[in-house]
Amino acid sequence: MTEAPAPEGRKLLRLEVRNAETPIERKPEWIKTRAKMGPAYKELQNLVKGEGLHTVCQEAGCPNIFECWEDREATFLIGGDQCTRRCDFCQIDTGKPQPLDRDEPRRVAESVQKMQLRYATITGVARDDLPDGGAWLYAETVKVIHELNPETGVENLIPDFNGKPDLLQEVFESRPEVLAHNVETVPRIFKRIRPAFRYERSLDVITQARDFGLVTKSNLILGMGETREEVSQALRDLHEAGCELITITQYLRPSARHHPVERWVKPEEFVELKDEADEIGFSGVMSGPLVRSSYRAGRLYRQAMEAREGAAV
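Numbering (this note's numbering), first residue to last: 1 to 313.
Rather than coming from a laboratory, the hints here were simulated on the basis of the structure. Errors might be hidden in some of the hints.
Have a look at the derived ranges for each label pair, beta carbon to beta carbon [stated by the list, open to error]: (1) Arg210 <-> Arg302: 17 to 27 angstroms; (2) Gly50 <-> Glu229: 48 to 58 angstroms; (3) Gln116 <-> Lys266: 34 to 44 angstroms; (4) Pro187 <-> Arg210: 40 to 50 angstroms; (5) Gly310 <-> Leu12: 24 to 34 angstroms; (6) Ala196 <-> Thr227: 29 to 39 angstroms; (7) Ala196 <-> Leu47: 21 to 31 angstroms; (8) Glu279 <-> Lys96: 40 to 50 angstroms; (9) Arg228 <-> Arg175: 31 to 41 angstroms; (10) Met37 <-> Gly242: 31 to 41 angstroms; (11) Gly242 <-> Leu47: 30 to 40 angstroms; (12) Lys96 <-> Asp275: 22 to 32 angstroms.
Simulated crosslink set (BS3-like; lysine-lysine; CA at most 27 angstroms straight-line) [claimed, not checked]: (13) Lys49 <-> Lys36; (14) Lys143 <-> Lys49; (15) Lys164 <-> Lys191; (16) Lys36 <-> Lys266; (17) Lys114 <-> Lys143; (18) Lys164 <-> Lys143; (19) Lys27 <-> Lys266; (20) Lys96 <-> Lys191; (21) Lys114 <-> Lys11; (22) Lys32 <-> Lys11; (23) Lys274 <-> Lys36; (24) Lys266 <-> Lys42; (25) Lys96 <-> Lys164; (26) Lys266 <-> Lys11; (27) Lys32 <-> Lys191.
The beta carbon of each residue, even a glycine, is placed where N, CA and C say it ideally should be.
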């Protein structure tokens with residue numbers, strides 16, 4: 001049995017104890033990335049270190065950091081490091097969050113400015129402890145980034161705010177270039193993987209964003225127990241809900257207390273899924289073992305805008 005240390009401040013959940021009975025899986029050969037450190041990456045690396053800035057890219061050890069930073073793209077986590085929900089694939093700890101930091105939007109916007117980013121993705125934890133679920137924080141961060149960086153595109157990757165139209169409206173009105181909400185998995189295993197979320201509610205968040213006129217995006221993680229047919233159906237569900245951009249990736253287990261990897265999806269299947277998503281009608285698709293939901297986000301946004309312009313002709 002694998003020993004899995006409990007997160008600070010709480011005991012292991014029964015689910016986590018059960019997960020830990022399965023040892024950490026050995027990654028296949030194709031789950032590798034090569035460091036390609038170009039001048040823009042090195043410049044940003046020195047700046048981030050010198051200014052004491054924080055990005056998800058470096059703190060989560062993202063394998064795509066070299067490519068994204070070369071493109072002047074980065075991702076920021078807002079709302080603290082404690083989430084009020086627990087998804088079985090996510091490395092962010094579940095617990096009682098710190099009080100809302102109302103100065104965070106300004107600090108993130110200044111980081112974007114110092115890094116001279118062309119495109120910034122904002123993501124964060126669920127804040128069910130707050131009356132508005134953190135809607136103000138997500139909206140305000142986008143607004144202040146746009147104020148300080150009018151040429152920078154902003155993607156807002158949000159929780160579901162329990163599907164409440166008034167809270168979603170507040171976030172939508174900040175007008176991010178892309179509104180992303182990740183479904184992550186298929187209906188049959190959704191409750192097991194994301195117990196505090198609901199599949200249909202997540203689809204509705206995307207529909208509400210589409211109806212508001214925003215470019216919409218979602219993500220699917222493979223390797224958590226879904227079947228190939230279920231992935232195809234989820235792609236159709238997302239497109240019908242109004243999703244324009246999709247990323248498809250391999251689940252990589254953060255620790256022994258997280259959900260075991262059920263299968264390693266071969267690169268050829270990711271190619272097939274990209275072709276399938278293109279055929280379904282998505283404006284932009286990124287599909288691969290090391291793709292993450294914010295990978296080449298600016299490029300996907302441009303594809304969505306080109307598709308919209310083409311449809312308007």
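Verification of the hints:
| no. | hint | in the structure |
| --- | --- | --- |
| 1 | Arg210 <-> Arg302: 17 to 27 angstroms | holds, 19 angstroms |
| 2 | Gly50 <-> Glu229: 48 to 58 angstroms | holds, 50 angstroms |
| 3 | Gln116 <-> Lys266: 34 to 44 angstroms | holds, 38 angstroms |
| 4 | Pro187 <-> Arg210: 40 to 50 angstroms | violated, 20 angstroms |
| 5 | Gly310 <-> Leu12: 24 to 34 angstroms | violated, 52 angstroms |
| 6 | Ala196 <-> Thr227: 29 to 39 angstroms | violated, 24 angstroms |
| 7 | Ala196 <-> Leu47: 21 to 31 angstroms | violated, 37 angstroms |
| 8 | Glu279 <-> Lys96: 40 to 50 angstroms | holds, 46 angstroms |
| 9 | Arg228 <-> Arg175: 31 to 41 angstroms | holds, 37 angstroms |
| 10 | Met37 <-> Gly242: 31 to 41 angstroms | holds, 39 angstroms |
| 11 | Gly242 <-> Leu47: 30 to 40 angstroms | holds, 38 angstroms |
| 12 | Lys96 <-> Asp275: 22 to 32 angstroms | violated, 45 angstroms |
| 13 | Lys49 <-> Lys36 | holds, 19 angstroms |
| 14 | Lys143 <-> Lys49 | holds, 26 angstroms |
| 15 | Lys164 <-> Lys191 | holds, 20 angstroms |
| 16 | Lys36 <-> Lys266 | holds, 23 angstroms |
| 17 | Lys114 <-> Lys143 | holds, 17 angstroms |
| 18 | Lys164 <-> Lys143 | holds, 21 angstroms |
| 19 | Lys27 <-> Lys266 | holds, 12 angstroms |
| 20 | Lys96 <-> Lys191 | holds, 22 angstroms |
| 21 | Lys114 <-> Lys11 | violated, 40 angstroms |
| 22 | Lys32 <-> Lys11 | violated, 33 angstroms |
| 23 | Lys274 <-> Lys36 | holds, 25 angstroms |
| 24 | Lys266 <-> Lys42 | violated, 32 angstroms |
| 25 | Lys96 <-> Lys164 | holds, 22 angstroms |
| 26 | Lys266 <-> Lys11 | violated, 36 angstroms |
| 27 | Lys32 <-> Lys191 | violated, 31 angstroms |
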